[in-house]
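Generate the whole structure from the sequences, applying the supplied hints.
One line per chain: the protein sequences are A and B, in this order. Counted the way this note's numbering counts, the first sequence spans residues 2 to 186. Counted the way this note's numbering counts, the second sequence spans residues 688 to 881.
By construction, these hints were calculated from the structure, which means they are not laboratory data. Watch out, some of these pointers could steer you wrong.
Unchecked claim - As a list, the in silico PhoX-like pairs of lysine-lysine whose alpha-carbon atoms are at most 25 angstroms apart: (1) A:Lys83 x B:Lys709; (2) A:Lys82 x B:Lys740; (3) B:Lys708 x A:Lys83; (4) A:Lys82 x B:Lys699; (5) B:Lys702 x A:Lys82; (6) A:Lys82 x B:Lys711; (7) A:Lys80 x B:Lys707; (8) A:Lys155 x A:Lys4; (9) B:Lys699 x A:Lys80; (10) A:Lys85 x B:Lys707; (11) B:Lys709 x A:Lys80; (12) B:Lys707 x A:Lys83; (13) A:Lys82 x B:Lys706; (14) A:Lys113 x B:Lys740; (15) B:Lys711 x B:Lys841; (16) B:Lys706 x A:Lys85; (17) A:Lys37 x B:Lys740; (18) A:Lys85 x B:Lys702; (19) A:Lys85 x B:Lys708; (20) A:Lys80 x B:Lys708; (21) B:Lys699 x A:Lys85; (22) A:Lys37 x B:Lys810; (23) A:Lys85 x B:Lys711; (24) A:Lys83 x B:Lys702; (25) A:Lys4 x B:Lys777; (26) B:Lys707 x A:Lys82; (27) B:Lys702 x A:Lys80; (28) A:Lys82 x B:Lys708; (29) B:Lys777 x A:Lys11; (30) A:Lys80 x B:Lys810; (31) A:Lys155 x B:Lys777; (32) B:Lys706 x A:Lys83; (33) B:Lys841 x A:Lys4; (34) A:Lys85 x B:Lys709.
To be verified - Here are the computed distance ranges between Cβ atoms for each label pair: (35) A:Leu184 x B:Ile738: 20 to 28 angstroms; (36) A:Tyr112 x B:Thr779: 42 to 50 angstroms; (37) A:Ala40 x B:Ser781: 47 to 55 angstroms; (38) B:Ile803 x A:Thr72: 40 to 48 angstroms; (39) A:Phe123 x B:Thr703: 38 to 46 angstroms; (40) B:His848 x A:His183: 44 to 52 angstroms.
Quantities reported herein were computed from a predicted structural model and do not represent experimental measurements. Every residue, glycine too, gets a C-beta built ideally from N, C-alpha and C.
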Amino acid sequence: MKKLTGTIIKESFRMIILASILSSIGGIGLELINEKLIAVLPLLIVFPALNNMIGNFGTIVSANFTTLLFTNQLRAKWKSKKLKQLLHTLFTTAFFSSLFLTVLASLIAFYKGFPLTSEIFFKVLIIVMICTAILVTLISLISVSAGFYYYHIKQDPDNRLIALSTSIADLGGLIIFSILIHLMF
Amino acid sequence: MKKEVLLKRNRKLEKTLEKKKKIKNIEEIIFSQAFSIIGGLTAGTILAIYIDKILLIPGLFILLPGFLEMGNAISGSLSSRLSSRLYQRKFTHSILNQNITASFILILISSTFLGILAYLISKFFFNINSVTIIFIPIIASIISGLILLPLTSKIVLWLYHHHDDPDNLIGASSTTLGDIINIGAILISIVILT
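Here is the structure:
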């Protein structure tokens, strides 16, 4: 096995396993509410897309952040203008993306024969918006802190940050999603 | 005097360029999220259509988020690593091959672990004793790894060579493809095993 292959496996392995454990814990929440999830079609349709969208925000933060670090545009500081710009962009797009997601999921469910009411639509919208707002904040805080930490201890943040941010997104997303469904339906 | 005017003009130009870059950045992220959402909704619709197949394997909802997360984390890391090497101008074919090999080995190991974990959780928390749940992620990971990893690498290279910022688009493309391919792979492995 070549050196790089070994290094990637060694550096990523623990984080991937941790991410899998966290997501499986989130899966317990999903298994507990699976009857409601199957009964309310927009929720079942929205679940992979919401997970995807929040995880994607994690990847965008991590990938942009590591590029800024490696191209010496951050100088490992929180109060960097570039970092603020990145976060501002992230929150603006998060708002519009969650709106877009709910509308599309509701339309698909409606065309599949689900009796969609305005009450269900707004409940789904509230669930998606709350999930997105909490998780984008959490992912940004943790990704940037962890990124600076790995950079300081001279490890490649690329091998860990994406797994870390997407697992926070998955576990947090599934837990918040399950709790909100339990409370609102 | 002329120097001052020139400096002022330069600063104005810099500000305009920065604004344009920011707008381009927002556009790229919105585009990538729209792509990702449509992919996720496709996966969700497939899930809704084949829900009877999913229900054949009790406890599959425990496995599903972990499997999707694992695939996305591995292909996301692969694309981020490749993009960083491209930016650093340290990209070679050997680096690409080693990255793909490492990602494939990681997918195989972690899906085996995930299968065992899902089995243990469903046995001890939900009293479901179905050994099939161990083999579903293993077969699904082989199917998805063979398709997803080479495809992700090709997309990163294509994005880089077409002057788009891969950082804003790789996440979306890898998670979108990842979710659709992974849900498809899980359904195929359910069909194989039941």
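Here's how the hints hold up against the structure:
1. A:Lys83 x B:Lys709: 10 angstroms, holds
2. A:Lys82 x B:Lys740: The hint is violated at about 50 angstroms.
3. B:Lys708 x A:Lys83: 12 angstroms, holds
4. A:Lys82 x B:Lys699: Roughly 18 angstroms separates the two Cα atoms, so the pair holds.
5. B:Lys702 x A:Lys82: 13 angstroms, holds
6. A:Lys82 x B:Lys711: Between lysine 82 of chain A and lysine 711 of chain B the Cα gap is close to 17 angstroms, so the pair holds against 25 angstroms.
7. A:Lys80 x B:Lys707: Answer holds: lysine 80 of chain A to lysine 707 of chain B is near 22 angstroms, not above 25 angstroms.
8. A:Lys155 x A:Lys4: Holds, at roughly 18 angstroms.
9. B:Lys699 x A:Lys80: Distance of about 23 angstroms is within 25 angstroms: holds.
10. A:Lys85 x B:Lys707: 16 angstroms, holds
11. B:Lys709 x A:Lys80: 18 angstroms, holds
12. B:Lys707 x A:Lys83: With Cα atoms ~14 angstroms apart, lysine 707 of chain B and lysine 83 of chain A stay inside 25 angstroms; holds.
13. A:Lys82 x B:Lys706: At roughly 13 angstroms apart (the allowed maximum being 25 angstroms), lysine 706 of chain B and lysine 82 of chain A satisfy the hint.
14. A:Lys113 x B:Lys740: Between lysine 113 of chain A and lysine 740 of chain B the Cα gap is close to 18 angstroms, so the pair holds against 25 angstroms.
15. B:Lys711 x B:Lys841: 23 angstroms, holds
16. B:Lys706 x A:Lys85: Measuring from Cα to Cα gives roughly 14 angstroms; hence the hint holds.
17. A:Lys37 x B:Lys740: 18 angstroms, holds
18. A:Lys85 x B:Lys702: This hinted pair holds, its Cα atoms lying about 16 angstroms apart.
19. A:Lys85 x B:Lys708: 14 angstroms, holds
20. A:Lys80 x B:Lys708: 20 angstroms, holds
21. B:Lys699 x A:Lys85: 21 angstroms, holds
22. A:Lys37 x B:Lys810: Holds. Lysine 37 of chain A to lysine 810 of chain B sits at ~22 angstroms (cutoff 25 angstroms).
23. A:Lys85 x B:Lys711: 16 angstroms, holds
24. A:Lys83 x B:Lys702: 13 angstroms, holds
25. A:Lys4 x B:Lys777: 16 angstroms, holds
26. B:Lys707 x A:Lys82: Roughly 16 angstroms separates the two Cα atoms, so the pair holds.
27. B:Lys702 x A:Lys80: Measuring from Cα to Cα gives roughly 19 angstroms; hence the hint holds.
28. A:Lys82 x B:Lys708: 14 angstroms, holds
29. B:Lys777 x A:Lys11: Roughly 21 angstroms between the alpha carbons, so the hint for lysine 777 of chain B and lysine 11 of chain A holds.
30. A:Lys80 x B:Lys810: 49 angstroms, violated
31. A:Lys155 x B:Lys777: Judged against 25 angstroms, a Cα distance of about 18 angstroms means the pair holds.
32. B:Lys706 x A:Lys83: Holds, at about 12 angstroms.
33. B:Lys841 x A:Lys4: Measuring from Cα to Cα gives roughly 23 angstroms; hence the hint holds.
34. A:Lys85 x B:Lys709: 12 angstroms, holds
35. A:Leu184 x B:Ile738: 20 to 28 angstroms: 24 angstroms, holds
36. A:Tyr112 x B:Thr779: 42 to 50 angstroms: 48 angstroms, holds
37. A:Ala40 x B:Ser781: 47 to 55 angstroms: Given range 47 to 55 angstroms: holds, Cβ gap about 52 angstroms.
38. B:Ile803 x A:Thr72: 40 to 48 angstroms: With a Cβ separation near 41 angstroms, isoleucine 803 of chain B and threonine 72 of chain A satisfy 40 to 48 angstroms, so the hint holds.
39. A:Phe123 x B:Thr703: 38 to 46 angstroms: 41 angstroms, holds
40. B:His848 x A:His183: 44 to 52 angstroms: 48 angstroms, holds
Of the numbered hints given earlier, the model fails hints 2 and 30; all others are met.
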